[in-house]
Structures are given as C-alpha cells and as structure tokens.
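Each protein sequence line maps, in turn, to chains A, B, C and D.
Note that the working numbering has the first sequence beginning at 1, numbered continuously upward.
Note that the working numbering has the second sequence beginning at 1001, numbered continuously upward.
Note that the working numbering has the third sequence beginning at 2001, numbered continuously upward.
Note that the working numbering has the fourth sequence beginning at 3001, numbered continuously upward.
Among the hints, a few may not be true.
What the hints assert, rightly or not - Pairs of lysine-lysine residues, derived as DSS-like cross-links and limited to a Cα-Cα distance of at most 27 Å, are as follows:
1) D/K3099 <-> D/K3073
2) D/K3003 <-> D/K3088
3) C/K2073 <-> C/K2088
4) A/K88 <-> A/K73
5) C/K2243 <-> D/K3088
6) A/K243 <-> B/K1088
The set of hints was computed from the structure by calculation and includes no laboratory data.
These are the residues of each chain, in order.
Protein chains: 4
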Amino acid sequence: MVKVGIINVTGYVGMELARLLHRHPQVELASITGRSAVGQRLGEVLPHLADIDLVIQPELGDVELVFSALPHKTSVEAVVAALERGIKVVDVSADFRLKDTKDYEMWYDFTHPMPQLLSEAAYGLVELNRPSIASSRLVANPGCYPTGALLALAPIVREGLIEPDIIIDSKSGVSGAGRTLSLTTHFSEANENVSAYALEGHRHLPEITQELRGLNPALSLSVTFVPHLVPMSRGIFTSCYAKLRDGEKILKELYREFYRGEPFVKVVDAPPQTKQTWGTNICLVYPTIDIRTGRLIVISCIDNLMKGGAGQAVQCMNLMLGLPEEMGLEGAAVYP
Amino acid sequence: MVKVGIINVTGYVGMELARLLHRHPQVELASITGRSAVGQRLGEVLPHLADIDLVIQPELGDVELVFSALPHKTSVEAVVAALERGIKVVDVSADFRLKDTKDYEMWYDFTHPMPQLLSEAAYGLVELNRPSIASSRLVANPGCYPTGALLALAPIVREGLIEPDIIIDSKSGVSGAGRTLSLTTHFSEANENVSAYALEGHRHLPEITQELRGLNPALSLSVTFVPHLVPMSRGIFTSCYAKLRDGEKILKELYREFYRGEPFVKVVDAPPQTKQTWGTNICLVYPTIDIRTGRLIVISCIDNLMKGGAGQAVQCMNLMLGLPEEMGLEGAAVYP
Amino acid sequence: MVKVGIINVTGYVGMELARLLHRHPQVELASITGRSAVGQRLGEVLPHLADIDLVIQPELGDVELVFSALPHKTSVEAVVAALERGIKVVDVSADFRLKDTKDYEMWYDFTHPMPQLLSEAAYGLVELNRPSIASSRLVANPGCYPTGALLALAPIVREGLIEPDIIIDSKSGVSGAGRTLSLTTHFSEANENVSAYALEGHRHLPEITQELRGLNPALSLSVTFVPHLVPMSRGIFTSCYAKLRDGEKILKELYREFYRGEPFVKVVDAPPQTKQTWGTNICLVYPTIDIRTGRLIVISCIDNLMKGGAGQAVQCMNLMLGLPEEMGLEGAAVYP
Amino acid sequence: MVKVGIINVTGYVGMELARLLHRHPQVELASITGRSAVGQRLGEVLPHLADIDLVIQPELGDVELVFSALPHKTSVEAVVAALERGIKVVDVSADFRLKDTKDYEMWYDFTHPMPQLLSEAAYGLVELNRPSIASSRLVANPGCYPTGALLALAPIVREGLIEPDIIIDSKSGVSGAGRTLSLTTHFSEANENVSAYALEGHRHLPEITQELRGLNPALSLSVTFVPHLVPMSRGIFTSCYAKLRDGEKILKELYREFYRGEPFVKVVDAPPQTKQTWGTNICLVYPTIDIRTGRLIVISCIDNLMKGGAGQAVQCMNLMLGLPEEMGLEGAAVYP
C-alpha cells in the first residue's frame, strides 16, 4: 500500500479524490490538509465521507505522492515544498499546465515563480501523454473544459484534416465553478437558467490551444471557446465545430483507431449524454458530419469532477506509481 | 372585445395561450377545443387555469380569430376550415412556415395539401415582417429555435457583414419537446443531463435558412444548426458563430439600430441569461467579438413558450386585430 | 397614482415587489433604496427589471407608502423613520410580526426597541385580518411558512374541531433562504437533495402559534413545525396533520365557507401542487381525511415569494390604500 | 463465481442491479431478460452499461440466483418458475412482501395465486430480518418507502416507547415512480414542483404497518403515511412524528445500540440529507425530540434505487449466498 495525501481536501475535487482514494486497493489515503476545518474529522465537515477516519491537518504528513487541490497561484508553493521532500505530485490546479510563463502573466495575472518546473511538468491528459506522465514526478492535471475539448479534437487535429477555424461550445454543470460561494452558483440563480460567461476569454483557452498546437504545429489554429453554465451539478458537454478538409469517409475509423485500447475514452455510435458518464472516469466521443455543409461536429461528454478532475488525477497517479491504469476507477455511471 | 379561440388547448403552447388571452384586455377567450378532454372544464384538466370558465368543446365556436395549436400535418385542415368560415388564423404548428412544398416533403414527409396558402401565409416573426402580418388573415407562428436564431442573426445577415458559414448551437429547456410523453422528457432521464439531438438535421433548419436567405439572397449561407436539451423547463439560449467580414466597430450600433423601438427585442451590454426572459415575450440579444480570432459571437435568450410560442402568437394577433402590439404581454420576468 | 417606495430592493422579496409595483395600475414606484448598489440603475443590478427606470438611492424619497425589505433587527429603524415622516409601511421583515417582546428575545436574540408599535402593527394575513390591515399605518407582512400553515389550519382551528396536537411538515424552495450566499443554497449542494433544518425550533414557529392561538385561545395547541428544503426555486408545500374531534362530514364545506369570496385562497378538490401557484398570489388548500385513522390532513401550496412574500405585501398595500384587493395581482400561474 | 440473472433488466431497479452485479467480485451476471428489447445488446438499450457484454434474452438462462424486477402481479409467475428450477430468488416486486392474501385483494386488487409462498418468503429488510433472509430461497425485497420508514421507526417501536399514533411524511425523487411514462414524471411537470399523492392510501402502507406490528404486536399502531414527489432523480427523505411515552434521555443510545455493527445504517448526530446517500446502500437515521412538545421526530435518508431497491437486493443476495454482506456495495456517496 502506497501512502498518498491530499492538500486541501474540502473543495469538490479534493472530496472526490478522498472518495476515490479511500476505496483504491493499492494506496492508503494517509494525510489530508485543508485551508479550513483544520483539526476536524473529515466526516464532520463532509458527512458523506464519514467512513474515512482522518483528521484534517495543517501540514502534509509522510506520503509518497500527493494531490494538490489548492487554487491556482496558491498551489505552486505547496507543490514545490512536496517535491523538495521527494514526494511525487499531481497538481489539480492550473499552476503547471501552461508551458509559457507569458501565458501565466496574460491569463492569470501571475509571474510564475518556478518557470523551470513548467517544462518538467507533464500535462496529465493520459491518452495524449502516457509515457511522460508515467515517468514524471510532477503532473499537471488538465482543466475540465480542456479535457473534454482535447479528447474530442485530438484525432482530427493530429491528422490535420480540418481547416484551422475551430468553435468549441461547452456546457458545464455548476460544480465546475467550485465550492466557493457566488451569486452565479446560488441555486435560485442557476436553476432554470442557461448562461455563457468569459466571452472575453476563458483561462482554459490557452491550455486548449497549447495542447492542440502541440499535436499539429503546422495547423495555424484559430480557436473560439465559449463556456456555458447549465442547471445540473456535474457534467461537461462539449460541441466542437470545424470545416473538414478531408477524411469524411474514414472519420469514425480514425477516431476508433486513435482511441483503440483506451480504457476511458469510448467512441460511440449515437450522440452521447453527460448522464452516461455520471460518477465515472469515462469520456464519450461522437464525431459526425453535417451532411448539408460537410462540416465536422464532434461531441464529447465527461463528468467534470471525474475525468475532468479527480478521476483523471487518480488515473495519472496509477501511471506514476506503476499501478494498473484503471485501478480504483472501475464501475459504470450511476444512472439515472 | 374581440372573440378569439384556441384549437387544442391542452398542450404547452395551448395552455400558455389560454393564460395570456384570459387576461388580455381587448379580447375574450370564447372557445377552446381539445383533442382530448372534450366536455371537461378547463380547470379540471389544467388546475392552474381554473379561473377560466370554459368547457373544452369538440368544435370551434363563433370567433373572429383562432390559434391552432395542433401538431403539424394535422393543423392544416383546421386552419383551412377556419379560414373558410372567415376566421383569421395564427397557426402555431409548422404547417404554413415553409414556402416551398419540397421542404415539406423532405423535412416533414408531407405532401402539402394547400400549396397556394403557403405564399399567402405571413411568417409571424414580427420584427422582420410586421406589415405583412398586420394585413394577413393567416400567420404562421415561427418555431422556437428559429425565433432565437433569426433575431440573433438578422441584423448582421441583412447587412451582409459575415462570411456565409454560420454555426447555431442552441440549448433548449425540456418543454420545447411538448407535453407528449417520451423517455427523453422523463424527469429522471432529462435531469442532470445535457444531450444533443437531430444531428442529422432538425426540422427548424429549413425555416432558419429560408428566412435568413430572404434577408440577404446574395449571401450563399451554409448553416449548421445543433439543438441541445438542458435540464430546465423553459428557455432557449442560442449561441451563433460566424466570421466577420467587416463591421467590427459598428457591431453594437448596427444591432441597436436594427431593433430600435422594438418593444420585445433588447440588445444588451452584458451576456444575457434565459432566466431573465422567464414568462415574458422578450428576446435578449448580445452581439460580441472574440478578440483573438475576430469571430462574431451572437447570443440570444428567449422563453420558448412565450416569444418562442404563445407570446409571439399573441403579438401577431394584436397586429392582425389592430391592437397595440404589447397588449397583454406586459410584465417583467418572474425571477428567480 | 400613489407614490410608493421599496427599502432594500435587491433581495428576492424586494425585486418581486419592484416587478409587481411597476405594472400596478394605481401606484407609481417612485423610490428604491439598497444596502448595496447605491447609485446604480436598477437594470444594471437586476437585468430582468431593466424597464424600471430608477436609480438605487441611499435614502427613501417622497412616498405615501413604503415596503421595507430589510432583514430583521435592521428593519425596525427604517420602519420607525418612515412612520415618523407620515409614510404608511408594509414591513416584510419579522420585526413587527410578534406581539410579545419576549418572543423577540427568545427567538431573535433581540430586545425590541419599539414594543409599543408591536400592538399597533397589523398582522398582514389578509384572509384572517382584513379590517385591521385596511385601517393600519403599519402592517407586518407574514412569514412564508406561517402563510402556508395558517391558511391551511385556520378554519379547523377556529372551529375547535381538532385535538391540540398539530404537526406541520413544510417543504420549501431554495429562494426562501434569501439571496445571501451560503453553502446551503449553493446549487451543487441543494440540487438532487432534500434536507430538514431548524429542528431545534424555527423562528416562524412562534408566529404560527401566536396566530393559531389567537383564532382559538381555548385550544391548548401543541405545534411541531419542521421545515424542509427541496431542490426548486419557488414554492412552499405544507402538509398539516392533526386528529379530528369532529367535523369529518362537513370538512370541505367548512373550508369552502371559511374562504368563500376570497380572491386568493382556493379550496380544491384534488391534491394541489406548488407549480399551480407559480408566480401568483394564490394559496391552494386541500383538506382531507385519512380514512383508516380518521386523521385530518390539510395541504396548502403557495409561491413563497408571492403569497408568502411580495404578493401578500401588495395585497396589504391595496387594502391600506383603499384599492381593489386584487389589483396588480391578477394572472394565472406560469406553467409549466 | 456464482452465476446470477436479472429478469426485466430495463427498468430503473433492473439497470441498477446490472451495474452492481457487473462489478461484484464473487458473482457473474450471466443472464438478463427483458419485457422489451429482446435480442439487443444491453449497451444498445442502456448506453451507460455498454461494458456489460450481454444480450437481452426472452428466457432466463442457467443461474443459481435470480432477481425478478418485473412489476407486481407479473412477477409471481416468474418467481415460481425460477423456484421450480431450483433457483433462489430475490423478488423486487411487491408480490411476496405481504403475508395476508387479503392485503393483496384490498391494495393490489389481486387474488394471490400462491398464498403458501407468502409465509415462506422472507421480508428482505436485512437489519430486521437477517437470519431468515440468509436461510431463505425466496426473499421479498422491501419497497422504497417502507425501507426508509421502517429503519427510522424500528428501534422505538420495538421498545414500545411511543404512543400508537404515527405520522410518516416521505419525500421521494422521481425515479421512485419507475421508468414508465406518465405526465407525473414528465420533466416539465415534475420540475419546480412538489406534490403529494395517494392520500387515499398508498400500497406501501400495509407493508409498513405489517412490519411495524411484527416488531411490537402490543402497540395498536395507527399510521398515517403521505408520500410526496420532489424534483430530484433519486432519494427518499422520511420524516416520522410520534408522541414519546418515555425514553427521551436514552433516545440516541437506543438507536445506536439497535444498529450497532450494521454496515449500512448509520445513526447520525446532525440532520442528514438525501444527497449524502447518493449511489450508496446507506440509510442515515436521525432521531431527535421537539423540546417544546416532547414529540419524537425521526428522519431517515436513503437512495431509493439502492437501499430502497437494487442495493438492498444485492445485500440480500450476499446473505443468501453466504458472501460478506457488504460485498459489491462499498463506496461513499457521489457528492455533490
């Protein structure tokens, strides 16, 4: 049993990590910290986790690997401290996802204090990056929107079969905004409502473009990304639009081939629904063609707190510890 | 007081018509019919309308104007019968929206029995078509998706300031699917879920393209329309994407000018939300530009049963009867 | 046109008052104040009210009647200041609902600074208290839960036909908790969830017992009241249980007689649903008997922000100003 | 690996059984049948279960134990057929829950064809009935409402510490109504709504009273049970009210003692919420006293499809097969 820890367990990704790690057969959740509720038993703060007999500590204990679920800008310090103690890290914040420090300045108003670690950190989208994650001591867990968008677009972008103009229209459940209180996430405001936000530019855009360009530097991609909030707790539904240059006839086969053998990405034959991924680490991908315009439409569905958060982080951990990739992540969606 | 009637009052648009007409100061709801529940008082079938003291009849009574809320293919017969009796008609079905009988064959699998009426029928999107509605005896009330999409795109299409490729990504509440029972509208299936449907082509697409082309025949439009279902009862949020040719600097002004004086279309300065239109006949339109790509994004929000259904139908009726256009449609959204 | 004002317009009851007063034919909403957003146009803060051309002021302007929508303990001061200026007041806070200052000490931890006004203030449940509201300069608008509970129980309590043990099990939408941010009202926490709260005693209990005892001092009532939170925005469903002493045969008739002529209370023949009251000032009441145990069950449904808040306050205002009681409160529920 | 089957896999309890059994380490889901969709792969009908490589068959295959998820009246025949083949049965229908054939006549309008099996069948509420379930070849899985009500009331009823008058006010998610289509479960009708139903008597009442009376025949119980529908997919929140005769001081201890060592029933110190049980086989029980009236309030929360359905059925299966009771049912709630 490998001892692992969670820094800042009380947010939505933190609590999902605790749930997953507690039932993981090969790791022991040995240490949890919080920005609040220090000294309380986990079950006092999060009753649904009352079976986990741990007290929230001010400092991380003795572990081999740790998940940092701190907010961006704050996480980097905890990550560095853990690395210095020889602890492997999966950082679920944005602090190590971008490679270019200028992106941190522009998008996060943040002068990154450890630029040398940015190149070292592996971007934790396993399906695109398995070897480097497996050998890394620091993995940057992808954002929820980039996970859905990249898995939808990676096959066709890598093959260069589309024009450079891409529209990504994402619809997210409210838990994606985190547990912090705001009018946006007030039930009475979010219920019976759809809204778009960050039309001036969302922080997940540079992450999406960085990774798409990495797949095919020759494509001068021009990406528009618009996130929407829909009245549900979990799930991201991503609709991607682009013009096909070629590949119409082999589209499905190209996607199937790209994801062949992947335990968590399924190329499906009918339009998927977010609910089919509820509580799982699965990404459903559906590529199709608008026959009237020849335009490519690719849809993906994930659970934003699982494949878009804690599930993907555990998938990375499994790789980093040499464990079977699916361990602790089995099970179908809880439906309905 | 002008006597009006509703054919098939028991669906969602029918019952909203009854609610609106009952409190309308210049018309009297005098006759209602139903495909079911004939002989019952309206309040027995729809308790929230118990104040309306009418019995559901098998046949339409003596009225000056009638709304047909029958399903498509079925409505045409009732419409013709009413016209022959000299009754003006607002048809909320699709039976008179399309001008080309071939479209009915392709999209509705339906040989239209009255093609000569197709050219006579006015398309009831008041903001684009006020004079012909006012003088018509037959108005085809627009579909819910076309209403949101057309009001978002009309100004920029008429001016020809965009490239012909348009993406329309719409998010609709469940009442848009009507009151008929299906697994799709089962609460446990629709709740906590987002899905896309009709990816092979939705029946509202020919309606959208017909009207957009009418605004600017020179633009060889290529429209992709993808409707999505989100877990709320009412509302359609439409996100439109296109490439600007020109007009970046005058975008807001162009929209404001186009809709100047319109009582029910508001060009807003911040991204709107469907909930801000709940229970009203208002359409909120927000045009903006993705500064990184220069791409145009236009968002619109409506209540699908009001501006996308019964409200718009009453707006048409007001015009047809020479009444003030806003009569019976006043009032702000019921929020939250 | 009578000039009226709203103190603290930015909460849920405040914004509903603005919506109702703006379309009221005999009053003019002339002055609005806020604890926040002073100096902003109402539509900047509340986009759905953009048609109301008013700026949020720090101080109340010149009006004949004002609604105070401040929180309890804070409202009393504003109420007294208005009364001193000769302005009639409907206070939607709890500051004048209870007659006994000890109740304020016990339930609100509050030494009431104006006990002499407590006896003067009329309790604004119109159906039980019409004459004193009509002649009062200060009306205490009832709490949302008491409104539902009292209208359900008043007929049978006044007649003394039940045993003194009463159970009131209420289910409220989330807007009842107000617009203030809390984890309880976070969408992701409230959605897909039912909870009970205030099991140690809710502040609406003394209000319920005070009014029920006033209806029948001889009954030594013993009331248990448990409020529950359910995942919807609006609505309170109240289930009341008591043992019938007598009156089984005349139950419906007794209720019908009690509420005969009431415009906003309807005794219905089938179990009502909260949605049938959505956006209206209506209370639906359904008394029935559990035939196996002879126990009385009375159900009531209201919209907590209308009959349980702003609607009732406007109903009181109409009485206080000598206007028709239903004015500005017409219209059926917006359903579905 | 023990081979097991599911009769009628396509309903909500059937599909949850498939999900649970597929990941159960000691059983093999070997045969599934359906009333519809015969010949289709399970994943074609239920995409979230696409990993289960089984075809829906017209007839049950070779298994040691089977779950019948057929509707009542229909299930009995399939159960008898399985028993005759020597197959153990967990029947999730109501066909073997009641002991008295008269109850079937009165509540189900059904002359039970196999009355001799009624006494043989074990009532599958494990916490009250462990030994007889373990040794039985036929277990009647309890109804969802009875599960919540009985676990809330069993300790205090067995000890006889309450007066015989009991009120059970239950709030259920919509999946409790099954997957069959009805206006009641239409999203637009159920959303933003609370309703009560079966006020004339719900079929789960005789089940509740039968089992409560079995716990304490001397108490002449008089039970009122009112089920309510709330707008969520899963969960039952049960509020029970009764008058305490005695035991006020030992209440918590009595409950803790009663459920000591139970893996799936937790007596909690703060009011529980249904969401804390989401996707689990856990029942949270919270007994408390209304200090003003001395009245007992007991709250319980379950997931109606798990502890109130498929989870409990698997718990019974584990006992019947001599497997550890918790096997395949581990894991905390998926929250939020």
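Problem - Restraint check for D/K3003 with D/K3088, where alpha carbons must lie at most 27 Å apart - result: holds, 11 Å
Problem - Hint consistency between A/K88 and A/K73 [alpha-carbon to alpha-carbon, up to 27 Å] - result: With a Cα-Cα distance of about 19 Å, the restraint between A/K88 and A/K73 holds, given a limit of 27 Å.
Exercise for the section: Assess, step by step, whether the Cα of D/K3099 is no farther than 27 Å from the Cα of D/K3073, and give holds or violated. Expected result: Measuring from Cα to Cα gives roughly 15 Å; hence the hint holds.
Exercise for the section: Verify the proposed pairing of C/K2073 with C/K2088, using a straight-line Cα cut of 27 Å. Expected result: holds, 19 Å
Handout entry: Agreement of C/K2243 and D/K3088 with the hint, judged by alpha carbon distance not exceeding 27 Å
Key = Not OK: C/K2243 and D/K3088 at ~46 Å, beyond 27 Å, violated.
Practice task
Decide if the proposed pair is consistent with the structure: A/K243 and B/K1088, CA atoms, cutoff 27 Å inclusive.
Solution key: Distance of about 46 Å is beyond 27 Å: violated.
Taken one by one, the earlier hints fail for this structure at numbers 5, 6, listed in ascending order.
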